[in-house]
Structure formats: C-alpha cells, structure tokens
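One-letter residues, chain by chain:
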Amino acid sequence: MNTTTRIIALGMSLSFTLFSIGIYAQTAEEKGLAIAQEADKRDIGWGDQTSNMEMILLNKHGDSSTRTIRTKALEVQGDGDKSLTIFDTPRDIKGTAFLTFSHIEGPDDQWLYLPALKRVKRISSRNKSGPFMGSEFAYEDMSSQEVAKYTYKYLRDEPCGKNLTCFVSERYPTDKFSGYTKQVIWIDKEEYRPIKIDFYDRKNALLKTLTFSEYQQYLGQYWRPHKLEMVNHQTGKKSIVNSSNYQFKTGLTESDFHKSKLKRLR
Amino acid sequence: MKTLLNPSPAGILLSGLIFFSPPSQALELSGKGGGEILTFFQEAKSPEQHPVYPSVFVEPELYYSTGENSEIKAKLFYRYNANSPSQTRGDIRELMFYQYADEWEIHAGIGKVFWGTTESRHLVDVVNQIDLLESLDDEARLGQPMLQAKLIKAWGTLDIMLLAGFRPVEFGNADVRSQFLPPLANQSTRYQSKDKTNTLDMAVRWNHSFDALDLGLSYFSGTQRTPLFQFITEQNQAKLLPVYVQSQQIGLDAQVIVNDLLLKAEFIHRDSHKLNAQNQFTRYQTNALVAGFEYTLVGIGDSVYDLGLIGEYLYDEWESITPFQKDWMTGLRWVFNDTQSTEILMGHIIDLDDQSQIWTLEASRRIGENWKAELNGRWVSNVNSDNYFVKTYQQDDLINFKVSYYF
Chain X
1 MNTTTRIIAL GMSLSFTLFS IGIYAQTAEE KGLAIAQEAD KRDIGWGDQT
51 SNMEMILLNK HGDSSTRTIR TKALEVQGDG DKSLTIFDTP RDIKGTAFLT
101 FSHIEGPDDQ WLYLPALKRV KRISSRNKSG PFMGSEFAYE DMSSQEVAKY
151 TYKYLRDEPC GKNLTCFVSE RYPTDKFSGY TKQVIWIDKE EYRPIKIDFY
201 DRKNALLKTL TFSEYQQYLG QYWRPHKLEM VNHQTGKKSI VNSSNYQFKT
251 GLTESDFHKS KLKRLR
Chain H
1 MKTLLNPSPA GILLSGLIFF SPPSQALELS GKGGGEILTF FQEAKSPEQH
51 PVYPSVFVEP ELYYSTGENS EIKAKLFYRY NANSPSQTRG DIRELMFYQY
101 ADEWEIHAGI GKVFWGTTES RHLVDVVNQI DLLESLDDEA RLGQPMLQAK
151 LIKAWGTLDI MLLAGFRPVE FGNADVRSQF LPPLANQSTR YQSKDKTNTL
201 DMAVRWNHSF DALDLGLSYF SGTQRTPLFQ FITEQNQAKL LPVYVQSQQI
251 GLDAQVIVND LLLKAEFIHR DSHKLNAQNQ FTRYQTNALV AGFEYTLVGI
301 GDSVYDLGLI GEYLYDEWES ITPFQKDWMT GLRWVFNDTQ STEILMGHII
351 DLDDQSQIWT LEASRRIGEN WKAELNGRWV SNVNSDNYFV KTYQQDDLIN
401 FKVSYYF
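For the protein sequence lines, the chains are X and H, in the order given.
Under the working numbering, think of the first position of the first sequence as 1, with each following residue one higher.
Under the working numbering, think of the first position of the second sequence as 1, with each following residue one higher.
Here chain X stands alone, though its shape is the one from the complex (with noise of 0.2 Å):
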C-alpha cells in the first residue's frame, strides 16, 4: 500500500490531470492483489484443520457416484499448507491416502498411499490438471490456494446473491503446468470468501463453474464453505461436495503429515 500512497501524493503536487490518475493510481493488477492479500489475511491462523466430504459424481443422464473422504490440514507459515486425504469409499479404494506438501514456490510435493499392496508411492504433483478420482476437480482445484499462485486484475463491483456484494477479480495461473488460463473469481465483499469462480481452459474457452455456499463461521473467524458445486459446461457433468464436521486446533501437527505415517491412518 505504500507504493499507492507514495503515487496518490506525487499525483496531487503535481496537476489536475495527473491528480485524477492519481484516484486510479491503484492499477486493477494491484487491487486484483490487494483483495486476494486481504482474503488470505482473513485467514491466518487456523492451525489445523478436519473435516468429511461426501463427493457426488453426476453425469448428464442423471447417474450418480458418491466418494466420502476426511481431510485433514495443518497451516504451515511461510509455506503451502500440508494435506492429508483419506479415501473411505468406493470400497475398493478404501484406505488410499493422498499425502500433500503445498509449496508457494516449485511444484508441492505428493504421496500416495495403496493399502492393498501396502506401497508408499511418490506421485509427480506436475499432473495437476487432470481429474481428482473423476470428478469435475482438478487436482489442483483441491490444493491449498495461496497468493503467489496467481496473478490478478480486478474487473468490477458486481451483486453475487443475497445481500452481497463481490469483487469480481480475474485470475491467471502462475504455474505453467496449470490446465487454466485464467480463472474469474467473485469474492464477497463484507467477509472476503470466494463465492464462484468461472475457470477458463487452454484454448481460453469456459470450462466450469464452481460456486460456494452453506458458509459457516468457525472460532468466530473463519468461514467454511459446507458446499461446493462444480459444473462443467462443455461436458454437462456436475459435482458436489457437502462438507461436514469441521474441526479447528484438533492439536495435529508437522508430525502427523509424514509419509512413514500414511500406513496407520484409518
């Protein structure tokens, strides 16, 4: 913010014309970055987290599939967060873990867990367009979203449902392995959280859709979303996940997040 007060006073000492830049001297690449500054802000602090999905798999005739998953996440300062993601169903995946270190900078580091052959695999977290366990998520989709992992540019002010009102920022990928362009996202703001996001492919064309709803407050600060909706336009299918049982300073720590432990998870 310092660069803009510094722009605001050097505009105003010199003349009108420059005066009036000097209102706008906050580009739209760096109030895109400001809301996405203050959106993280928000949510220092957290410590660690739990929680259950239930994943629901559409397709355009109407068939379903359900995954149910726990998550677990510990905040790590300075760094991605680190993941864990257990399956418990479809049956024959139960027991498979995902274990993540999400990197700000370089790709994040990822281990997956086989229970059947009792095999710790390393997995390339370069393969982060591709579908999670065939839903509309992308890997990366479900990956800690941290700031430098974009670069932004507001758009608008614009109304995003009851009694809100978004800033409507685009998005674009850092990461070259990114299966986005860009992506447009809508952030509330009274309480800075993500309400939709458009994402936008290779060919910059719009892929899907994915709106959050059924916020909560937890520890009187931070807002959980208890649904996600991903729709995708060009294929028609559609998946939801219905989060339940937050919890927050369950008292996890580094140590729980370690490949040798993948094998005691239940």
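Simulated from the structure, these hints should not be mistaken for lab results.
Any given hint could turn out to be false.
Said to hold, decoys possible - Here are some of the chain X residues that sit facing chain H, going by a computed Cβ distance under 10 Å: (1) PRO90; (2) ILE123; (3) SER255; (4) ASP256; (5) LYS261.
Cβ atoms here follow ideal geometry from the backbone N, Cα and C, with glycine treated the same way.
Dock chain H against chain X, hints included.
Okay, now just chain H, sitting in the frame of chain X:
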C-alpha cells in the same frame, strides 16, 4: 533402542495379550470376495491340467482397536478353485498387533511390507515370499511372521525386523499351469540352513525424503526367498529340486522427480551361495539392477485421459534364479479418469540377449459403488528355446477375468 522398550509393557510382545484385550472396542469387518475365470488359449501339456479354471475367493479384513494408539489388523485369504486342488487354499496375509507412538511403532505378528520404487521387478523387497499360485502380476505375497520396530526421526525412518520362520515358494502340483520342465521333485526341498524353515532372519531398512528424492537403504540376512534348482533323478526321471540358500543382501532404492519425469532405480548386492558341480554350497556374489522412468502425458489431445509411459532396464548377474539377465520393460498405462476409475496397463518385456518376449495386459473398472471388474492377460512370443523361464510360459497364454465385491 531404549525408548523402544520404555513406554509399553513388554507384555505387548506376547501374542497372548492380543486376544485378551477388553472387548469394549469396536470390531470392524471389511474386505472383498468374488469369482474368477482363468482361461488358457493352448492345449494343456498334461492330463492334470485344464483349459479353464473357475474359482471363487474371499479376502476378509478385520480391524480391532485395542486402545487409542494400538490396534490389531487381520487380513485372511481363501480360494476355492474348481479345477485345481493346489490352488484351493488359504493364507493369513496379516494378523498383526500395532503399537504407535509419535516417533516409533512396534508391530508383532504376521504381516506384509513393501520396499522399493520400480514397477517391473521388486528387487529390494525381500521380506515376504512371493505367492506364486496367486501371482499373475508378481504382486501377491505370503504373510511373514515378524517382530518389527519402526523409528520415525528427523534423519529418516528406520525399520528393524526379526523374521521368524521361512516360507518356501508354493509351486503347487501338476494341476497348476504353468509347470517347470523337468517337473519339480516330490521329495522335500533342500535347505542350506540346518534349521530349514525354523530360521530367525533379520532385515533393516532406512528411508528418507530429500526434496524431490526418496531414498532407501536396506540389509537382509537369512534364507534367500528366491530358490535355485538342483537337477536330480527321482524314479528314473529328471526332476528339479528347489534349494534355499543363506544370503546377505544390501539394497538401495531411489526415486527422483525431475519436472514431471519420475526416475526410479533399485540395486542389490547379494552375498549368497550357489551349488558347485558336486552340488555343494559355494559362496556366490552377484549384483542386480532395475532402473527406469515413468512419464505421464496428462490430458492428451485436450481430453481428460492420461497416458503413462514406463520404461525399465533389468539386469541380473545371477542367471539361474530369474529370467531377467538383461531385459527391457515397456509399459503403457491408459488412465480414463472417469467415475469408474477405468485403467488399462500394457506391459512388454524383451530379453535383450535372445529377444524372447513376455506381454501382459491389466485392465480394471469399477462397476457401481462396490463392484470391480478386472481383466488380466499374459502371453509370450519369439521364445528362444534356451530361455528357460520364458519357455515355462510357452503354450500357457492366458486371460483371466475377475469380478470382486467389496464389503
């Protein structure tokens, strides 16, 4: 080592305690069961063999919590094969008591471990004996009685294991396809150790991650899992006698991720024994290596499909225990990324010395929420008559269809 013994009563090591834990804790049952039809394309080589082997199997898993940081897990297995008495059998894959702490674990009972990184052959993975009668893809293992201590430290994870008793390969009888030629001897197996199967072997493994590198170092001392064969005469017929020698093995396994390329390697040095011309044991030192890569083309042609490319070079100085002296494996893994988790894996191994070739196919797909269908195939081509192991699979090209229900 002191910390290992301090917090938990020595009694946990007594298996008796396992069965006298308070009954208030939850017992959970899960697992799978199903049917298979194994079909061979060529005529059988002997009257005991069949063109088709239908079978049913069950693999229940039990979980019993004995406390906040301890549990018992069991995994049993049984198959009824309508055309094969040899393959009508069961096994205790796992019956293990686990005690967990932040930086250590104790496991006591029967269990299975997996060591290594490569796909075509598991060189460093020597703890469990292969279950040959259940192994179309070299992944099935017999349960091994063991006492294991695991240390999870900043400098890596260290496993120290005492392996109680040795389990020889179960080859089955004449009803099993494929059979060795000449056939196996009826008389008992030969062991270098006087204790035969009542051995106490030892295995140690350290593994750690350094950024993009995962590294493992292992040591094994005891009865070598893979047998050699001695030619004998039994009832005026040439027969093969499986021989289990004493061996020490040092293993190294590594995987490094370079961009989206996975580089993998396993290396072993065996300080072992073989038979001399008089069929006496002599010291025999050999090296073996598997090294290769795995690369995944994500979303080929703007689709959601992934194509994984696997290439591995296999090298082994010990000729008489394996077909893989100098071979190359190519694998193509087609992942549909669909709701049913459909996958097809094609494998091809070529002997770089004599061009004998083994082809494999593994396809799987979930049906509904609780069923899974699998199709496996194996056939050989261009078989050199001197390639003893590949020749064994000749006239035994097969396809196996399996349907499993998960409960």
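Looking at the structure, which of the earlier hints fail to hold?
none
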